[in-house]
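Q: Kindly produce the complete structure, drawing on both the sequences and the hints.
What follows is each chain in one-letter form.
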Amino acid sequence: MDVLLDQRSLILDGFLMTLRLTAVSGVLSIVIGTLLAILRVCPIPTLRAAAGTYVVLLRNTPLTLVFVLVAFGFPRIDIRLSFVAFATVALTAYTCTFVCEAIRSGINAIDGGEIEAARSIGLPFRRVMSLVVLPQAFRRVIPPMGSVLIALTKNTSIAAAFSVTEATQVARRLANSFASATIPILVGIAVGYLVITLVMSGGFAVLERRVATVR
Amino acid sequence: MTIALYDPPGPIARRRILIGSVIGALVVAGLVAVVVVKLIDAGQFRSAFWEPFTRPGVQRILLRGLGATLRAAGLALVLALALSVLLAAARLSERRLVRLGATAFTEFFRALPLLLLVFFAFLGLPRFGIDVGPFGALVIALTLYNGSVMAEIFRAGVAAVPHGQVEAAFSLGLSKSTVFRRIQFPQAVRIMLPSLISQMVVLLKDTSLGFIVAYEELLRSGRLIYTNIGNVIPTAIVVAAIYITINLALSGVAAWVERRQRRSGRVPVTAGTGVPTEIGVGQV
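Here the protein sequences come in this chain order: E and Y. Quick note on the numbering used here: the first sequence kicks off at 1 and runs consecutively. Quick note on the numbering used here: the second sequence kicks off at 1 and runs consecutively.
By construction, these hints were calculated from the structure, which means they are not laboratory data. Note that the Cβ used here is the ideal one computed from N, Cα and C, for glycine as well.
Estimated spans, in silico, between C-beta atoms of each pair:
1. E:N108 x Y:P11: 23 to 31 Å
2. Y:L18 x E:G52: 16 to 24 Å
3. E:L207 x Y:V36: 38 to 46 Å
4. Y:V37 x E:G52: 23 to 31 Å
5. E:R139 x Y:H163: 26 to 34 Å
6. Y:L86 x E:L194: 17 to 25 Å
A: Structure (structure tokens):
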């Protein structure tokens, strides 16, 4: 237990990095994922197909492989960024496809009458999406979006293997340096993750109730 | 989607869509071209980087890696299924303590990063004198995580079995365990089969964490190749193609099972459509 207290600044920094990766990739994923979802339902076939292809390819590739391609592949084509930036790119490229699919299922779940009504008063696609479909879709996708973002939080741990000092890498380092305290260290880090994921799921539950509309 | 988001295009809209398509195609082609030019400039298409994949030796490394991936995924799948049935049954138990224990177990293992679970098994278990090695660590972690996720799928499946079925079974005088075994469980399996197969895609993708703990699975075999030849990008593309092919095949099976069920009409429709969306979310 002493190790956890002695190394608390290292552990805290690790979790701060975990949160930073989650926050930055989360925001980027939501923005790009929403754009992808719009492309996937838009009237222009080439854009639909391109967005669809990207989503299918990335969803079916293991995240670790995406990390390998970004962290080890990008320097080969002279794209040199920090390890944290590489991790953010890999996490965003992967997570935005799941955000896209969550939003798309939200769009598909919207009452057809709403869309027909919007079209019948002459709104073009852009307005149908921005005024009628997306505001409702965002509400509906809060629970699945919460799951995607919690999964993202857990997925940031893979950055540990790609030179980013976040919580899981701290756990591994400490476990290597203080072998006799391996179990307390791992349990301590696990508790940290539990706190983060539980707070997130609680927050999303509150948010869901807040924006819920009476139907 | 049953209702279109836009009106059937008239002549003007058709022309606009055509223009949009052309511009869209140009933008997409431009993006692809930038990437390709960048790859060519960096010499990523030179034959020395791609020719190795025609060599039997290199192909054998990849095949051995694929075998190791499938072995870990297969064993973890069987164990996770067994664990999930136990957990699902425990969560439906009449004893509060058993129910709470199973709930805590599933919530705990679903809330932790899989990699941390792998480290628990890889670094933690040896402290108790149990050395499981990278393969064991990977399988244990995959089993605990996927067992918990699948237990939730099972629970949703059991909950989706029409209640009249259970009432009818009880009224025939069947015991609770028989009702679960003979009535709820078989129907639940049918309902959740698509979600279960989708979860297999997740499990298969997650075996790539073996890369991090030096288990020679497919991605780690790719590492063996690119550290020797220096062709990270071509190797990553080849390995990704293998993963994508297998996962698309699995997703295809899931979609086929779902279609077949909907046609046969023997699975409650509300359940058949309700379960996958709820579970599909966990597939990150």
